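Trainee: As a plain string of letters, each chain reads:
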Amino acid sequence: MTKDKDRFLNIILVSPSIVAVLIFVYGFIAWSVRVSLSKWKGLNPDYTWNSINNYIGLFNDPRFAVDVKNTLIFTGVFVLGSLLLGFFLAVMLDQGLRGEGFFRSLFLFPMAISYIVTGVVWRWLMNPAMGSRMSGFNLLFTNLGLDSLVNAWHTTPQWGMAAIALAAIWQMSGYTMALYLAGLRAIPQELKEAARIDGASEAQIYRHIMIPLLAPVTLSALIILGHMSLKVFDLIVAIAGKQLQLDVPAIYMWQATFDGLFYGRGAAIGIILLLSVAILIIPYIRYTLRTEAQQ
Amino acid sequence: MNKKLFYLLSALMIVSLALASCAPAATEAPAATEAPATEAPAATEAPAAADQVEVFSWWTGGGEAAGLEAMIKVFNATDPNIEFINAAVAGGAGTNARAVLATRLQAGDPPDSWQGHAGQELIGTYVAAGQIEPLNDLYASEGWLDVMPETLIPLISQDGNIYSVPVNIHRANVLWYNPGLLEANGVAVPSTMDEWFAAMDTLQAAGVQPLALGEQWTKMHLFETVLLGTLGPDAYNGLWDGSTDWGSAEVKTALENYAKVLSYANSDSASLTWQDASQLVVNGEAAFNVMGDWAAGYFIELGKTANTDYGWAATPGANGIFQFLSDSFVLAVGAPHRDAALEWLKVAGSKEGQEAFNPVKGSICARTDCDKSLFGEYLQSAMDDWSSNTVVGSLTHGVVANDSWKTEIDTALGLFLASGDVAAFQASLVAACASSGPCK
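Chains as they are written, first to last, in my numbering: chain A, 1 to 295; chain B, 1001 to 1440.
To be clear, the hints were calculated from the coordinates, so they are not data collected in a lab.
Bear in mind that the values here come from a model prediction, so they are computed numbers and not experimental data.
Among the clues, some could well be false.
Unchecked claim - Below, in silico cross-link-like pairs of lysine to any residue (SDA-like), each with a Cα-Cα straight-line distance of 25 Å or less:
hint: 1; chain 1: A; residue 1: Lys41; chain 2: B; residue 2: Asp1109
hint: 2; chain 1: A; residue 1: Lys242; chain 2: B; residue 2: Ala1431
hint: 3; chain 1: A; residue 1: Lys69; chain 2: B; residue 2: Ala1418
hint: 4; chain 1: A; residue 1: Lys242; chain 2: B; residue 2: Trp1294
hint: 5; chain 1: A; residue 1: Lys242; chain 2: A; residue 2: Gly42
hint: 6; chain 1: B; residue 1: Lys1252; chain 2: A; residue 2: Gln245
hint: 7; chain 1: B; residue 1: Lys1351; chain 2: B; residue 2: Ala1077
hint: 8; chain 1: B; residue 1: Lys1304; chain 2: A; residue 2: Ser132
hint: 9; chain 1: A; residue 1: Lys231; chain 2: A; residue 2: Phe64
hint: 10; chain 1: A; residue 1: Lys69; chain 2: A; residue 2: Arg123
hint: 11; chain 1: A; residue 1: Lys39; chain 2: B; residue 2: Ser1435
hint: 12; chain 1: A; residue 1: Lys69; chain 2: B; residue 2: Ala1427
hint: 13; chain 1: A; residue 1: Lys69; chain 2: B; residue 2: Ala1423
hint: 14; chain 1: A; residue 1: Lys69; chain 2: A; residue 2: Asp259
hint: 15; chain 1: A; residue 1: Lys69; chain 2: B; residue 2: Asp1421
hint: 16; chain 1: B; residue 1: Lys1440; chain 2: A; residue 2: Asn50
hint: 17; chain 1: B; residue 1: Lys1304; chain 2: B; residue 2: Asp1276
hint: 18; chain 1: B; residue 1: Lys1252; chain 2: B; residue 2: Cys1439
hint: 19; chain 1: B; residue 1: Lys1440; chain 2: A; residue 2: Ile56
hint: 20; chain 1: B; residue 1: Lys1440; chain 2: A; residue 2: Tyr47
Looking at chain A on its own, in the form it has when it is part of the complex (with noise of 0.2 Å):
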C-alpha cells in the first residue's frame, strides 16, 4: 500500500523534468527532423516538403565531402593520440613516484580551461608565418637546430586538421590518463604478484594482463572522445575562424543556417550529427546498463 503511494509521488516528482525534456529535447529533435525535410530557405518559416532532398543535396555538396574527411582526420588523431598518451601518462604515474598528486592535478588541468581559451594559445604556439615573422613552435624549433621540424602547421593543405588535434590532444589527454589510472588502481596487486611468479616480463604483464583488464575503460574514453570530437566547433572557430580548408559539419551548420539562411540544410547537418553521434553513444548507453543490471 505505502509503496504504491511512494510510486504514485515518485511519478508526479519527476514529471515536471519528463515533460520538459519531453519538449525541449525530444520536441525540437522532432521539429528539426521536420524543418531538415523542408524548402525553408530565408528569413520566414517555410514548411513545404521536400523529401530528402536537403540530405541528397548535401551528399553531393563538395564542402561535405571536406567536412566528413576534416572529421575523420580529426577523429583518428584526436582519439588515437589522446589514448596513447594517455595510458602512457597513467603507466608512468602508477609506477609510484614521488609528487604524484601534483603531477595528476598537472596533467588534469588544461581540461578545466575551455576549449576557446586552448585555441587562442595554439593559435599563437602554431603560428605557420616563416622567415622574420616566425614565431611559436617554428621559432623555437629553428633556435634549437630543428629547422626539419618547421611547418606550416594548421594551414598545412589537406591535413591542417591533424594540427588542430594535437592542441584537443594537449587539451583531453590528461582526462583520460584519469580514466586509466582509476582502472590501474583497480586491478588488484595479486593478478600481477602471480604474474611475475610465473616468470611474466613487465611488458607482458602489460601486454596479456593490464591492457585487456582495461578494454572497459578503453571503450568508455573511446565513446566520450569520439563524441567531442564529431562535435567540435569551438576549437576550430578559436584557432582558425571560419576557413574552409578546416570546415566541420558543425561549423557548415551554423554558416548554412545563420549566415546563408539555409535553413532546411542546417536542420540536415543537424540530423546527421545527431544520427553519427547516436550510433556512437546508443550500444555504449546499452552495454553500461545492461552490465549495471547484472550488477
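Use these hints to put chain B onto chain A, whose structure you have.
Mentor: Okay, now just chain B, sitting in the frame of chain A:
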C-alpha cells in the same frame, strides 16, 4: 494525514510551476510558423505612445559605439520628447546580433529600426520576408535624392523602392602600398591589372613580399576587387542583376587573374587577420594590400603617417570607380513606434547626424555635402571620390548579393583556395547564381 496533504500540495505546486514555465515555450513554436510580419499592416498598428524608439544594432565598441552615441546626442537635441532605447547586441561583425534579430522578427516582436549593411544583405533577407518598409516618401520630403550620389540609389533599392537610410560610407576597393618599398624598387603605383602583375614580378625578383593577404573573408574582398578591375563597372554590376553571364570568357579571365594575384601572396595568409595583413605593408614587410578604407583608421592608431608610411590608390583597373559598403537603418513593418522611428531615420540621414557619426567612426558621410574640415587626410580624398566617381557595390560587405548567394560564393571560393581549379570555381559560381541569385 497532515504529511499526505503536504506532499500533495507541494506536488501540485511543482506541476503548476512546470506548466506555467512550459506555456510560453509551447505557444512560441506555433507563433513562429505564422510568418507574422508579412500580413501585419503597419498603419493599423499605430502606437499608443510615440515617446520612445528602439534601435537595434551591433555597435557596442570602438569608434562605432562612440559614433552611435554622438548621433544619439543629435537625436536627443532634435527630439527631446522621444526616449532613445539603444538595443545593441555585442558580437563580431554582427553575427550574434543578426541571430537575435531573426528570432525577434520570427516571434513578431520587431525593434522600430535596425542596422544593416545597405543593399541586398537587407533587401534579400528582410524585404523578401516583408519586414521592412520602403522609404521613398522620406527621401523625397528630406531631399536626400539631391545630396546622395545618383548611382548609389539603385544599389539600395528593389523595384524602385528605397529600403534603408545609409549613415556612413566605406570604400572597399583600396590598394594600400608601402611608398618606400615601391620607390626603392623603381615601381610605380599600378593602375591596371597588367601593370600590377609587372610590379609584383619586379618586387618578387627583388626579394620583397609583393602582396599581404589575410584569412578567408579578406580573400573574398580581394576577389571582388579583381572582378571589378577585370570586368569594369558595367559588366561587374551585370553579375549581380543577371545581365552578365557568370560562365562567360570575361569572367574566366577575371578568375584566372584572381588565381594569379593569389600566387603573389604570403604563405601564412590563412592565419592572419586583416589587421595583421595590413600591418605588413606599413611595417615594410610587404608592398601591397587590398583592404577597405577602415585600414586608414588602423594605420592612424598605429601612429603611422599618410603618404610616408602608407599610400593608397584605387585597386588596379578601377580608377574612378568607388566600390562602396554602408551601414544603414531601416523602418520595421509593424514598428511599435512608427512616428518616432521616422524621426530617428531623419536624424540618421541628416547632415548634423552624419557629421556627428562619421568623423568618430572613421568613415565618410553618405551625403555629399558634409564639412570636409572635420575629416582626416585619407577621408578627405575619399569624400572627393565619393561625390565624383561611379559607385558600385561590394560583395563581401553585403551590397550586391543576398546572404544565401554570398554564402554559396564563399563556399565556392573556399573550395577553390584548396583546389586551385578555375573551371570548377566558375562552374560553382554559375550554380550559385542560379540557385540563390537572379540567374535562371
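Trainee: Could you run down the list of hints and mark each one as holding or not?
Mentor: Results for each hint:
1. Lys41/A to Asp1109/B: Within the cut-off at roughly 21 Å; holds.
2. Lys242/A to Ala1431/B: With Cα atoms ~22 Å apart, Lys242/A and Ala1431/B stay inside 25 Å; holds.
3. Lys69/A to Ala1418/B: At roughly 13 Å apart (the allowed maximum being 25 Å), Ala1418/B and Lys69/A satisfy the hint.
4. Lys242/A to Trp1294/B: 21 Å, holds
5. Lys242/A to Gly42/A: 21 Å, holds
6. Lys1252/B to Gln245/A: 23 Å, holds
7. Lys1351/B to Ala1077/B: 14 Å, holds
8. Lys1304/B to Ser132/A: OK: Lys1304/B and Ser132/A at ~21 Å, within 25 Å.
9. Lys231/A to Phe64/A: 15 Å, holds
10. Lys69/A to Arg123/A: Distance ~22 Å between Lys69/A and Arg123/A Cα, so the pair holds.
11. Lys39/A to Ser1435/B: 13 Å, holds
12. Lys69/A to Ala1427/B: The given pair, whose Cα atoms are some 23 Å apart, holds under the 25 Å limit.
13. Lys69/A to Ala1423/B: Holds, at roughly 23 Å.
14. Lys69/A to Asp259/A: 23 Å, holds
15. Lys69/A to Asp1421/B: Answer holds: Lys69/A to Asp1421/B is near 19 Å, not above 25 Å.
16. Lys1440/B to Asn50/A: 21 Å, holds
17. Lys1304/B to Asp1276/B: 15 Å, holds
18. Lys1252/B to Cys1439/B: 17 Å, holds
19. Lys1440/B to Ile56/A: 22 Å, holds
20. Lys1440/B to Tyr47/A: OK: Lys1440/B and Tyr47/A at ~24 Å, within 25 Å.
This entry satisfies every hint, going by the numbered hints stated previously.
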